[in-house]
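Take a look at the letters that make up each chain.
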Amino acid sequence: MTETRVHFYQVGSFAVGNRLLSDADRTVQASRERTNSLDAGHRACQGCGEALGARYALDAAMRATGGRLVAVNATGCLEVFSTPFPETSWRIAWLHSLFGNAPAVATGVAAAMRAKGRDDVRVVGQAGDGGTVDIGFGALSGMFERHDDVLFICYDNEGYMNTGVQRSAATPPTARTATSEAVGADPGNVFGQGKDLPRIAMAHDIPYVATATVADLHDLERKVERAMTFRGARYLHVLVPCPLGWGAASADTVRLARLAAESGFFPVFEAEHGVVTGVRRIRRRVGVEEYLRPQRRFAHLFAGEGRPDLVARLQLIADANVERYGLAPEEE
Amino acid sequence: MDRPFAITLPVGSSRANHTGSWRVERPVYVDHLPPCNDACPAGENIQRWLYHAESGDYEAAWRILVEENPLPAIMGRVCFHPCESACNRVRVDEAVGINAVERFLGDTALARGWRLPDPGPDSGRRVLVVGAGPAGLSATYHLRRAGHAVTLVEGAARLGGMMRYGIPAYRLPRAVLDAEVERILEMGVEVVLGRSVKDIAAARDEFRADAVFLAVGAQLGRRVSIPAGDSAKMIDAVTFLHQVAEDDPPLLGRHVVVYGGGDTALDAARTARRLGATDATIVYRRNRAKMPAHAEEVEQALGEGVTVRWLSTIERFEGERLLIEKMALNAEGFPEPTGELEELDADALVLALGQDTDLSLLEGSEVHVADGVVPVAESMMTDVPGVFAGGDVAPSDRTATVAVGHGKRAAKGIDAFLGDRSFERPERHPLAAFERLNTWYYADAPRTQRPELERIRRQTNFEEVVGGLTEDNALFEARRCLSCGNCFECDNCFGVCPDNAVIKLGGGDRYEIDYDYCKGCGICVAECPCGAIEMVPERI
Amino acid sequence: MLQQLEGSRAVAETVARCRPEVVCAYPISPQTHIIEAIGAMVKDGRLAPCEFINVESEYAAMSVSIGASAAGARAYTATASQGLLFMIEAVYNAAGLGLPVVMTLANRAIGAPINIWNDHSDAMAVRDAGWIQLFAETNQEAADLHVQAFRLAETLSVPVMVCMDGFILTHAVEAVDLIDQAVVDSFLPPYEPRQVLDPDDPVSIGAMVGPEAFEEVRYLAHLRQLDALELIPSVAEEFAALTGRASGGLLHPYRLDDAETVIVAMGSVLGTIKDAVDARRATGERVGVLGVTTFRPFPVAAVADALAGARRVIVVEKAFSLGMGGVLATDVATASPASGPELATVVAGLGGRPITRRDVEGVLGRSAQGTLPRLSFLNLDEDVVARERARMAASRRSGPFAENVLRDLAAGGANR
Ligand SMILES: Cc1cc2nc3c(=O)[nH]c(=O)nc-3n(C[C@H](O)[C@H](O)[C@H](O)COP(=O)(O)OP(=O)(O)OC[C@H]3O[C@@H](n4cnc5c(N)ncnc54)[C@H](O)[C@@H]3O)c2cc1C
Ligand SMILES: Cc1ncc(C[n+]2csc(CCOP(=O)(O)OP(=O)(O)O)c2C)c(N)n1
Ligand code: SF4
Ligand code: SF4
Ligand code: SF4
Ligand SMILES: [Mg+2]
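Protein chains in written order, with our numbering: chain A, 1 to 332; chain B, 1 to 540; chain C, 1 to 416.
None of these hints come from the bench; they were simulated from the model. Hints may be right or wrong, so weigh each one.
Pulled a few chain B residues facing chain C out of the computed Cβ check, cut under 10 angstroms [said to hold, decoys possible]: (1) 4; (2) 7; (3) 8; (4) 9; (5) 10; (6) 13; (7) 15; (8) 16; (9) 310; (10) 311.
Glycine included, every Cβ here is placed at the ideal spot set by N, Cα and C.
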């Protein structure tokens with residue numbers, strides 16, 4: 001930050017831009033010169049958080065690398081809505097191979113660049129939660145373990161959306177999906193053990209692991225930028241609400257991401273070399289219910305007499321996150 | 001590159017796909033009326049001048065301010081700032097310190113010698129303004145801007161009205177008053193001092209005026225009959241303060257009692273303390289919650305050693321001793337006599353029970369008077385064509401700010417009258433209600449307090465009590481503004497659109513929606529901090 | 001200069017001379033010696049600039065190759081059997097994207113039952129993937145084919161698989177003439193991709209294509225395979241001119257002139273078959289051999305030509321399509337000339353079962369006598385089969401049949 005006598009900027013760093021800040025302190029998204037890595041005309045649903053998250057992350061990566069970037073994309077909504085023949089929405093060098101192999105393909109690109117002496121070109125791999133947490137998990141872990149020079153970004157919308165909203169290992173308990181219907185005594189997705197990929201990534205001791213949401217752009221961009229200061233394997237896990245899959249209003253995408261973080265249900269933090277180095281503390285704490293209610297995938301928790309028992313269990317998850325990462329707001 | 005068919009595509013080609021056709025609702029940019037602007041009696045565009053102050057462009061801010069009100073340094077001291085009571089930020093933490101920033105801008109302008117805009121091209125018409133209080137001065141300024149010649153006739157020896165003869169110097173230093181009045185006169189005004197107009201019609205003829213603005217205020221201190229001994233010294237607050245202002249303070253003694261519960265009562269009591277009264281006691285018939293005086297003023301007065309006898313009325317004043325009766329609130333909350341009596345030491349009793357108008361100059365004219373005030377139309381015109389009235393003589397709240405607003409509106413009314421146009425008030429945008437805001441985006445920021453003069457110094461001199469903001473504080477305070485209902489170029493809409501359908505025009509020109517691509521998701525509307533975008537049904 | 005070398009080593013040395021830029025593989029017998037050797041060469045810097053990547057699966061190995069190739073690097077990998085099946089989705093993908101990856105397939109049977117020995121089931125499983133599939137007869141040819149493979153792949157933007165029999169070739173020490181680096185350099189120019197991931201000239205590779213263009217995309221890929229049929233012989237000729245060796249090409253005909261009976265086969269078994277043919281020729285029989293070097297694209301016209309004079313065609317193949325019969329045989333049938341020779345398929349050598357000269361002569365004998373059925377299985381132990389069938393008929397829980405057969409055989413026929 002540049003030296004300014006008054007360290008208060010109306011919307012501070014909450015909003016996308018801020019005419020009161022120097023250009024360097026504004027987000028990439030505030031700039032008319034941003035790459036628009038993912039351009040208009042794509043076929044994502046109205047209010048798609050993944051489309052937003054991808055542009056946020058890649059534009060930031062483009063700035064961080066001075067435009068020397070190649071992206072490798074797994075199959076999923078992001079790929080399908082961006083590149084239906086004969087049109088592509090990408091403005092960057094981009095490759096799609098398969099659903100489960102994006103981390104390995106990215107490794108290949110990085111290896112080629114190294115062999116060709118083009119160390120200036122950086123590689124981003126990206127996938128949905130299905131392509132990351134489930135089918136691409138082995139390849140991702142391999143990429144981490146070998147410490148290949150790839151930043152892998154997971155756009156987590158908590159389900160297999162492209163195929164019609166089925167459950168993934170990132171789907172939260174009780175959430176209704178097409179393969180975890182809201183029927184029976186235990187409606188929606190099961191309370192499993194969870195598959196916390198950021199922590200699994202940390203267990204690989206890679207130099208940088210972070211989570212972010214589309215509700216805090218400064219945070220997200222800073223993390224992309226930070227990630228790009230390291231060589232080797234890095235991981236960024238971005239929560240991207242999906243209006244279709246979550247049964248939410250298209251206008252609520254950013255709000256839901258915010259509530260996910262503010263309730264503690266989705267912890268926002270970063271870790272270097274396996275150690276948590278920063279957390280985004282909650283600013284205005286809310287109960288999980290405030291986050292869950294606007295989403296139809298949780299409607300069965302509130303219909304009729306509702307399932308306060310299940311809501312309470314979900315609250316415990318949020319509380320555990322708050323505890324684990326120290327997310328409680330300053331005054332608490 | 002010769003690209004493999006269909007497998008490999010040229011970048012950005014999806015712009016050929018106009019996803020705007022999916023839309024059923026469209027976002028549109030709107031400007032809604034911020035509650036502060038709505039509440040400002042002078043009709044200031046507060047949000048707009050704060051916007052410029054936020055970036056440190058104080059001159060631009062000041063220029064927008066004086067579009068409406070030529071007396072910002074004065075307003076920044078004496079206005080009771082209803083804008084702040086209406087301010088949406090109250091519901092986030094505390095109101096924006098609009099008034100303090102206004103004063104900062106006013107003072108900065110005086111310090112840097114910024115001049116008011118030049119008068120408009122000569123219209124060849126002349127307007128007679130009777131009374132040089134805030135109403136008359138404001139009208140003069142706006143009439144000059146419209147190019148009309150002004151003859152300003154004032155009965156007192158100096159200009160300013162109650163700003164000079166009512167409001168004490170410790171709240172409004174005379175140097176500030178003089179400077180802002182002088183700046184208006186620099187626009188070219190014919191001033192007649194010490195001339196009390198006795199007959200409005202005659203004066204209109206005498207000064208060959210095409211129109212008249214009547215702004216004589218309410219100069220008469222209201223009196224009530226209190227059984228009193230011969231030796232008892234009684235004075236009304238207006239007269240008292242007027243004499244003080246003329247540097248001819250009456251001798252009131254060591255024990256001064258002030259009767260009344262308004263700001264004037266406080267001013268009288270505080271002034272008495274400064275003149276040497278060891279105790280200045282206010283007697284008021286209701287309790288503190290019901291007191292019309294502004295809380296800040298009460299606080300300051302108490303801080304200066306003024307005491308208040310709540311729920312008390314004066315029974316009798318027998319020279320050196322005052323008999324007061326205790327009251328009690330009944331079930332409806334009205335004070336009722338209890339019959340319980342108490343004594344107070346009192347060398348003098350100051351009556352601060354309100355002011356009445358002296359409208360003898362209207363006798364014999366067609367101008368209608370009702371309940372001691374002059375009814376006016378929207379344009380501030382009285383029943384008599386060409387005769388306008390405003391300020392304390394018109395039915396309204398009696399504050400300097402209302403008077404400034406009246407003066408402005410009257411000038412517009414007069415301008416329309418002289419131009420043979422009908423007067424139209426500009427259309428008002430819908431209110432930028434708090435519910436339209438997304439307050440998440442605003443940084444947490446408690447309000448800055450203005451520094452206050454140490455108490456010990458306040459008790460003995462007329463130095464200004466409340467200080468101004470430093471530049472840093474003013475900037476901070478301005479930046480607390482939420483910019484209700486008006487885009488402040490936070491880039492949120494530009495950023496949060498998943499379809500890159502917001503075009504940033506830049507350089508203060510705000511944004512446009514690219515309806516070729518906008519799918520109508522509404523995220524921009526939801527995430528606009530200040531509610532400056534609205535969804536409307538798509539026309540089919 | 002001829003050297004006594006293990007087949008795997010010969011291949012590794014040759015691939016090294018092709019100056020690969022990214023090598024990525026996952027170990028599986030019988031491919032291991034190849035990648036171990038290349039890995040060592042990368043590690044000691046001999047191949048610099050070249051990246052050798054140890055991945056966690058064959059799926060990743062092919063995926064890394066895809067990424068590397070799309071980024072403009074010469075990419076190589078090797079696998080076999082289960083490994084090939086594990087990467088199959090990416091195998092198709094590399095071809096679909098038109099990426100000139102070269103892969104050695106050390107042919108091996110596919111389980112279950114798990115079996116590490118040679119047959120051609122793995123290669124057959126991906127015959128429709130869009131790769132050029134070349135079958136080596138000898139270690140010399142296996143080595144030489146790799147040089148040609150890179151050249152073909154990169155010229156056509158089609159991936160190429162060099163198939164060599166597991167163990168029989170990969171682990172056999174034979175005299176091989178390793179190609180000179182200078183010859184490779186003159187034969188194989190640096191890779192110039194048709195499409196590449198380049199921030200300076202960005203494109204989107206791997207679009208989703210719907211019904212409106214998918215068929216055309218497929219057809220274009222098919223045309224490229226047909227182009228390959230033209231290119232493969234000329235590349236082989238050019239190679240021969242430089243090296244004097246007749247490696248590669250579409251077919252290896254042997255003593256076909258006037259042959260009435262022609263055995264068609266692929267890979268190392270051709271050596272055995274040629275010996276048998278030589279022996280029969282010595283007795284005056286008019287027999288010949290047609291070795292298929294290029295299995296995909298299948299050289300239909302060339303095969304028809306070669307078989308024009310034959311009355312009987314016997315396809316000896318190390319794979320078959322369960323419930324149907326020969327795979328190569330089906331293609332040969334399609335290519336057979338209008339004269340319509342009699343066609344017999346002999347499935348042989350599955351899971352590494354040896355095929356001897358005597359076996360082949362026996363086949364020829366039966367064919368001559370007219371007792372060779374249209375589909376037969378060489379040296380099939382009918383008794384074992386019969387007993388297992390009986391057990392299955394007798395009891396629902398007859399147990400796993402692979403284990404039953406083993407138990408039968410271990411009992412040394414005691415149960416017979
Ligand atoms: C003690 C006191 C404190 C106050 N404090 C505040 C405050 O803090 N904030 C606030 O907003 N308001 C305050 N007010 C109210 C405010 O001062 C008045 O509402 C405001 O001044 C009214 O303006 P005006 O122009 O209508 O009349 P005035 O200010 O009263 O001016 C009228 C002028 O007309 C002149 N005049 C009268 N008759 C004639 C005539 N016949 N011929 C020629 N000239 C004539 C008078 O001499 C006077 O100069 C206070 C009032 C008092 C009395
Ligand atoms: C090997 C394979 N299995 C299944 C599929 C079908 N498939 C395509 S995308 C997808 C789900 C993608 O989910 P995710 O990765 O979370 O991305 P999203 O669409 O939710 O953004 C599935 C199951 C496939 N393409 N490939
Ligand atoms: S289904 Fe969800 S993730 Fe997929 S395009 Fe629609 S909103 Fe985006
Ligand atoms: S926040 Fe700003 S615009 Fe809104 S009411 Fe307050 S001062 Fe006015
Ligand atoms: S979101 Fe920000 S930039 Fe957009 S209209 Fe609202 S205030 Fe203006
Ligand atoms: Mg998903």
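Exercise for review: Just pull the numbers of the violated hints for me, sorted ascending.
Suggested key: Violated hints (numbers, rising): 7, 8, 9 and 10; every other hint is consistent with the structure.
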